[in-house]
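*Asks:* Got chain V; can you put chain X on it based on the hints?
Number of protein chains: 2
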Amino acid sequence: MILLNGKETADAIKLEIAAEVEAIVSKGGRRPHLAAILVGDDGASRTYVASKEKACSQVGFKSTVLRFPADITEQFLLEEITKLNVDADIDGFIVQLPLPKHINEQNVINAIDPSKDVDGFHPVNVGKLSLGEPTFISATPYGIITLLEHYNIETKGKHCVVLGRSNIVGRPIANLLSQKGAVGDCTVTMCHSRTKDIKSYTLQADIIIAAIGVPQFLKSDMVKEGAVVVDVGITRIPADNKNGFRLVGDVDFETVAPKCSYITPVPGGVGPMTIISLLKNTLRAARNRA
Amino acid sequence: MILLNGKETADAIKLEIAAEVEAIVSKGGRRPHLAAILVGDDGASRTYVASKEKACSQVGFKSTVLRFPADITEQFLLEEITKLNVDADIDGFIVQLPLPKHINEQNVINAIDPSKDVDGFHPVNVGKLSLGEPTFISATPYGIITLLEHYNIETKGKHCVVLGRSNIVGRPIANLLSQKGAVGDCTVTMCHSRTKDIKSYTLQADIIIAAIGVPQFLKSDMVKEGAVVVDVGITRIPADNKNGFRLVGDVDFETVAPKCSYITPVPGGVGPMTIISLLKNTLRAARNRA
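Going down the list, the protein sequences come from chains V and X. Its first residue numbered 1, the first sequence is counted upward by one per residue in this note's numbering. Its first residue numbered 291, the second sequence is counted upward by one per residue in this note's numbering.
Simulated from the structure, these hints should not be mistaken for lab results. From a predicted model like this one, the values you see are computed outputs, not experimental measurements. Heads up, a few of these hints could be off.
Partial pick of chain X residues on the chain V-facing surface, computed with a CB cut under 10 Å [what the hints assert, rightly or not]:
1. Asp332
2. Ala334
3. His412
4. Val416
5. Leu419
6. Gly422
7. Lys446
8. Asn457
9. Arg461
10. Ala464
11. Lys470
12. Thr479
13. Cys481
14. Tyr491
Glycine residues also receive a C-beta, built at the ideal position from the N, C-alpha and C atoms.
So here's chain V without its partners, still in its complex pose (with noise of 0.2 Å):
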């Protein structure tokens, strides 16, 4: 069994992007700029965006947080968009989720310009994925797919079986790991909370993604010998330590990792490979507008 350490694989991709970012500054260009939006003081929320300032600077980006307090109207909002769409000094910009309730959060995302869009949640890159185009990968698929191309691991004609439909990680996980490609060409199963028996379907897999949500899910029953196994869960579960809690995945590690060929650790599998992804994104965006 081989743990894919998203953390390592994280911090190698942060070395190449740095050194990415001064070559380009050496050579006189600008420095990525990613802005990030945040509205209200929801703990995680910040935490969150402090992850990503601190991501930039390590990388040489330049980053801006704007903060507004939770009783901003939608249209305020709508209207500091359209000031970072036309700001010429922002290659790309997230709006961290989730919003106060009274602000449509679709209204929101459709308003950001799509060139700018490195969170990859606008209808247009959405559809993009869907398609097969380049496009802004959203984070989590993006660092799954990015893992799963740094390890190596062959996907092609291989069963995927995902767990899980939401719009920021089964589904397009599903679509681009069906589509042909690198890191595609598998025979894609979805599976949800309306599935019957899944155990039946993961039983048949090569690969696992789990983003099901529910703690420590996937048994060691339901996995076949061999497989390989990428946990997308974390869940704080009441543990007797320090701090009084340990973080989960969707996977019963103990028992199901000695089953697996490769399998991400919670923490320091996924997690770190999604905010590489956001940097990959605002490289990407700053070299199209160069």
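*Replies:* Just chain X now, with coordinates in the frame of chain V:
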């Protein structure tokens, strides 16, 4: 075994659309207006466009066909599209594919105003479909969904195996059937040219969508008893009749049909449902604009 009669179903829906058009007109509203651009003189394209014109007249739509020679430039075509985009009298339009090789089809599709893109090929509409938002669903997948709905075929929790991953059939139907909703909630497996042992998947399927483009590909020993089979293929094969050919689908109908609970014939199954879907999209576009 029950035939999924697309011809009868389409005729019934045509009457509903015609009644709705008359209701609109009797209240002083405009007739829905569909335009089609036809470039060159491909025989099949001419036939398709003629069928669409005929269907429009049957339901009381206004229709316009713009015909251009095969040697027009891409720039010229893009300008014609811009005119249709801003023409207040046009509710929706299509550009009949394929286009001559010197014209980039994706550039052309991207130029269509998504609110008039009744073929549902623009990345925005493809993205909305993937996201589960209301949109123009392209004709073949929309026709399949409508046919399954018309016959009250239960899809929730069923295992649907889609053969083929094309952007106009396989991928959108897989995305639709795996989504939450009335005709949805399937566990979906997408098989394609790189799938190993396709039979091992089709034998598990409650519903098979055959869109692989290989005549009579699906044989009796690949289908379980009681399956629902939807045949999207249509190919001419030589036959000893006055035409010298007959039409067959991707399913070996004669041997597969006896095992099925429901099956589409070819012709008269999915085919007639596609044009009706274009009419439904055009009516929707007209309603959105009213």
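*Asks:* Look at each hint and say if it fits the structure.
*Replies:* Going down the list of hints, with the structure as the test:
1. A hinted interface residue such as Asp332/X counts as satisfied when its beta carbon comes closer than 10 Å to some beta carbon of chain V; here the least separation is about 23 Å, so the hint is violated.
2. For Ala334/X, the shortest C-beta to C-beta distance to chain V is roughly 23 Å, which exceeds 10 Å, and the interface hint is violated.
3. With its C-beta approaching chain V no nearer than about 7 Å, His412/X sits inside the 10 Å limit, and its interface hint holds.
4. Against a cut-off of 10 Å between C-beta atoms, the interface hint on Val416/X holds, since the closest Cβ of chain V lies about 4 Å away.
5. A hinted interface residue such as Leu419/X counts as satisfied when its beta carbon comes closer than 10 Å to some beta carbon of chain V; here the least separation is about 8 Å, so the hint holds.
6. Here the hint on Gly422/X is kept, as its CB sits about 7 Å from the closest CB of chain V, short of 10 Å.
7. Because the closest C-beta pair between Lys446/X and chain V is about 6 Å apart, less than 10 Å, the hint holds.
8. For Asn457/X, the shortest C-beta to C-beta distance to chain V is roughly 5 Å, which falls under 10 Å, so the interface hint holds.
9. For the restraint placing Arg461/X at the interface with chain V, the shortest Cβ-Cβ distance is roughly 6 Å, inside the 10 Å limit, so the hint holds.
10. The criterion of a C-beta within 10 Å of any C-beta in chain V is met by Ala464/X, whose closest approach is roughly 8 Å, and the hint holds.
11. With a cut of 10 Å, the hint placing Lys470/X at the interface with chain V holds, because the nearest CB-to-CB distance is about 8 Å.
12. Annotation: interface hint on Thr479/X holds; nearest CB of chain V at approximately 4 Å, less than 10 Å.
13. The interface hint given for Cys481/X is met, as the beta carbon of that residue sits about 5 Å from the closest beta carbon of chain V, less than 10 Å.
14. Among the interface hints, the one on Tyr491/X holds; its C-beta lies about 7 Å from the nearest C-beta in chain V, closer than the 10 Å criterion.
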